[in-house]
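The chain contents come next:
Number of protein chains: 2
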Amino acid sequence: MLKRDLVNAVSDKIDGHLKKDISQAIDIILESITEALAEDRRVEIRGFGSLCVRMRKSRSTKNPRTSKMMHIPARKTVHFTMSKSIKDPLVKNDTENDE
Amino acid sequence: MLKRDLVNAVSDKIDGHLKKDISQAIDIILESITEALAEDRRVEIRGFGSLCVRMRKSRSTKNPRTSKMMHIPARKTVHFTMSKSIKDPLVKNDTENDE
Chain A
0 MLKRDLVNAV SDKIDGHLKK DISQAIDIIL ESITEALAED RRVEIRGFGS LCVRMRKSRS
60 TKNPRTSKMM HIPARKTVHF TMSKSIKDPL VKNDTENDE
Chain B
0 MLKRDLVNAV SDKIDGHLKK DISQAIDIIL ESITEALAED RRVEIRGFGS LCVRMRKSRS
60 TKNPRTSKMM HIPARKTVHF TMSKSIKDPL VKNDTENDE
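Chains A and B, in that order, give the protein sequences.
The letter at position 5 of the first sequence is residue 4 when you use numbering that gives the first Met the number 0, and the numbering goes up by one with no holes.
The letter at position 91 of the second sequence is residue 90 when you use numbering that gives the first Met the number 0, and the numbering goes up by one with no holes.
Incorrect hints may appear among the rest.
In this list, chains with the same sequence are indistinguishable; a pair is considered to hold if it fits within one copy or across any two.
What the hints assert, rightly or not - Cross-link-like lysine to any residue pairs, in silico, SDA-like; alpha carbons within 25 Å at most:
| hint | residue 1 | residue 2 |
| --- | --- | --- |
| 1 | Lys56 | Gly15 |
| 2 | Lys67 | Thr80 |
| 3 | Lys83 | Ser22 |
| 4 | Lys12 | Arg41 |
| 5 | Lys75 | Ala37 |
| 6 | Lys91 | Asp11 |
| 7 | Lys86 | Met69 |
| 8 | Lys91 | Arg45 |
| 9 | Lys2 | Glu34 |
| 10 | Lys2 | Met69 |
| 11 | Lys12 | Pro88 |
| 12 | Lys18 | Val77 |
| 13 | Lys91 | Arg40 |
| 14 | Lys86 | Arg74 |
| 15 | Lys12 | Ser84 |
| 16 | Lys83 | Phe47 |
| 17 | Lys91 | Arg74 |
| 18 | Lys56 | Ser66 |
| 19 | Lys91 | Arg55 |
Don't read these hints as lab results, they were simulated from the structure.
Sequences and hints are given; from them, build the entire structure.
Right under this line is the structure:
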């Protein structure tokens, strides 16, 4: 699923808006989220999930090719936590596959 | 940052759309993403990141209260991978803090 599929989904369900405007609205939404995360603010969308910046610890690992130990410094990463309304359909599909 | 902040950001930057419509558009976008994930489809938004369903392995852990070992079954979870345009401002802020 790509951005254009989201634009189409909105344009199919709400009349009277140009696809160009919908696409621009999605860009503004994504820019706002990116800005919030860059400022270490948590983004929480009820009924969907939340995005927050987490620190990943520094760690040492072996380069499999050279067998040399290398150090990976601590770094920031974006973590997504899904809310119950996403989790339920996932778990439901999962249980159906098990049976 | 909450959904209403996203609605306001869009409404401040594009004229001629009701907040009600913008809010509905955001709901449609989130529903479409949820549906795609429930069907195990990857959602990829260029310049932002991607969401995909990953399987978390089953694991055994000790209940810290009862000290009893308990088994946590394998389960699906949604993983967010950020694209370079989100990563760069995060890393930039990080390096500034270090100096």
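Alpha-carbon proximity context of Lys12 and Pro88, limit 25 Å | within (22 Å within a copy, 35 Å between copies)
25 Å Cα cut-off: does Lys2 pair with Glu34 within a copy, between copies, both or neither?
-> Both. Shortest intra-copy (19 Å) and inter-copy (15 Å) distances satisfy the 25 Å Cα cut-off.
Is it within, between, both, or neither for Lys2 and Met69, if the alpha carbons may be no more than 25 Å apart?
-> Answer is neither: 38 Å inside a copy and 42 Å across each miss the 25 Å cutoff.
Copy assignment of Lys91 with Arg40, given that the CA separation must stay at most 25 Å = between (32 Å within a copy, 16 Å between copies)
Check Lys91 against Asp11 for me: Cα-Cα at most 25 Å, and say if that holds within a copy, between copies, both or neither.
-> neither (27 Å within a copy, 39 Å between copies)
When no copy is named, should Lys91 and Arg74 be tagged within, between, both, or neither for a Cα gap of at most 25 Å?
-> between (35 Å within a copy, 11 Å between copies)
Is the C-alpha distance from Lys86 to Arg74 at most 25 Å within one copy, between copies, in both cases, or in neither?
-> between (28 Å within a copy, 10 Å between copies)
Using 25 Å as the alpha carbon limit, work out where Lys91 and Arg45 are close: within a copy, between copies, both or neither.
-> within (20 Å within a copy, 29 Å between copies)
At 25 Å max between alpha carbons, let me know whether Lys67 reaches Thr80 within a copy, between copies, both or neither.
-> neither (35 Å within a copy, 27 Å between copies)
Is it within, between, both, or neither for Lys56 and Ser66, if the alpha carbons may be no more than 25 Å apart?
-> The answer is within: 22 Å in one copy meets 25 Å, while 27 Å across copies does not.
First find the shortest C-alpha distance between Lys56 and Gly15 inside one copy, then the shortest across copies, and answer within, between, both or neither for a cut-off of 25 Å.
-> Neither, since 49 Å and 46 Å both go past 25 Å.
Taking 25 Å as the upper bound on the Cα-Cα distance, should Lys86 and Met69 be classified as within, between, both, or neither?
-> between (37 Å within a copy, 22 Å between copies)
Checked against the numbered hints above, the structure violates hints 1, 2, 6, 10, 12; every other hint is satisfied.
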